Amino acid sequence: MSNEKTQNEQIILDKLFESFSNIEGSVRRERRIELKVSKDHVLSVLLYAKEQLSFFHLSHISCVDWLEDNQFELIYILWSHETQMQLFVKILIDREKPVAPNIDYIWRHANTYEREIREMYGIEFKGLVGEQEFILEDWEGMPPMRRDFDTKEYAEETFFDRPGREDAKDVREEIIERSREELPDFAKKYSRD
Amino acid sequence: MVNDRDSQKIVDYMKNFARKHSLFVMAYGTGCGAIEIPPTMTSRYDAERFGIRGAATPRQADVLLITGYLATKTLKRVIRVYEQMQGPKYVIGFGSCTINGGMYWDSYNTINLLDKYIPVDVYINGCMPRPEAVISGFIKLQQLIQDGKADGWKHYQDNLDDYRENQKKVIKNWNMPDFSW
Ligand code: SF4
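Residue numbers (our numbering), protein chains in the order written: chain B, 1 to 193; chain F, 1 to 181.
Hints are computed from structural coordinates only; laboratory data are not their basis.
Everything numeric in this text was worked out from a predicted model, so none of it was measured.
Do not take every clue at face value.
Each computed DMTMM-like pair below joins lysine to aspartate or glutamate, with the alpha-carbon atoms no more than 20 Å apart [unchecked claim]:
#, chain 1, residue 1, chain 2, residue 2
1, F, K172, B, E137
2, F, K73, B, E157
3, F, K9, B, E140
4, F, K169, B, D104
5, F, K116, B, E157
6, B, K126, B, D104
7, F, K116, B, D104
8, F, K172, B, D104
With the sequences and hints as input, model every part of the structure.
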């Protein structure tokens, strides 16, 4: 990319490419770089980014459930105060045996994010210390943020509905007709009939 | 004198009159609704002219406000607080979240119908009810108290088993005393 606006981003990306041979990456837009790393190399990439490229700040660890591909994606979002840039480091892990490296000795507050991800997605972090229970209390069964966990079904089973709402009307058909749109597939299971 | 029917009426009237004009509200907020309490209490809407004011502990409080969605985790604490309050005690449910789950109707972690877990005397609808609505809810409660109809707490004591069954359905680890009053 020879865009003048993203010159600095390109320089940093090139530095990363020089140091690591097996990573993919691109400049998404101004001040945002994206890297795809294998699970085994993520620790060295993160350490390099922190120590050499001034990405001192870990903003967040985010998780995506790619149910169809049978994978989880972890996204480490780093921020550099010096260059005012964001670095996304993405790794894919197997959904059947979800194990990821623990990084809370690099950034201590990563501990909190990892515990949350462990609870909500059921991903194990190797060597993570901390109570198993984080936000939920006495939770049994599938971690609730996984996409194959059906919250609606669970809520219907567990909680009570207000009586007198059985005849509530599904107005979405009318809205769709009026605005000439289509009901997306994922929304169809919420139809009342 | 108390055996006389009419004089009992007078005594009840006096009792209810006193109760309805000194509603001490438990300072316990859940959900978004707790943010509506400060404007209700402070000078603009000044709820204290109706005898509504805060109480620091459950033992001193008459009214428990459930101000919005209730996570199952919070429900456990709410039950504990409710049972420690001394009768007569009243519950007001704020907002659509306490009535039918509101925008959290399909959430895995918030209850939908509050009345199944603790007896609600007055619901205030809206998402979120404004202070005017809150005060009108309180006035409704005062009317119920005056008419002697706000007896959810008696209903709770009589049907404790039913309530417990519902409560234990969502609170899996019941590590509290079975009676806390
Ligand atoms: S009714 Fe609306 S404002 Fe009140 S707790 Fe629920 S979502 Fe929040």
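Okay, the hints, checked on the actual structure:
{"no.": "1", "hint": "K172/F to E137/B", "in the structure": "9 Å, holds"}
{"no.": "2", "hint": "K73/F to E157/B", "in the structure": "18 Å, holds"}
{"no.": "3", "hint": "K9/F to E140/B", "in the structure": "53 Å, violated"}
{"no.": "4", "hint": "K169/F to D104/B", "in the structure": "37 Å, violated"}
{"no.": "5", "hint": "K116/F to E157/B", "in the structure": "14 Å, holds"}
{"no.": "6", "hint": "K126/B to D104/B", "in the structure": "11 Å, holds"}
{"no.": "7", "hint": "K116/F to D104/B", "in the structure": "43 Å, violated"}
{"no.": "8", "hint": "K172/F to D104/B", "in the structure": "32 Å, violated"}
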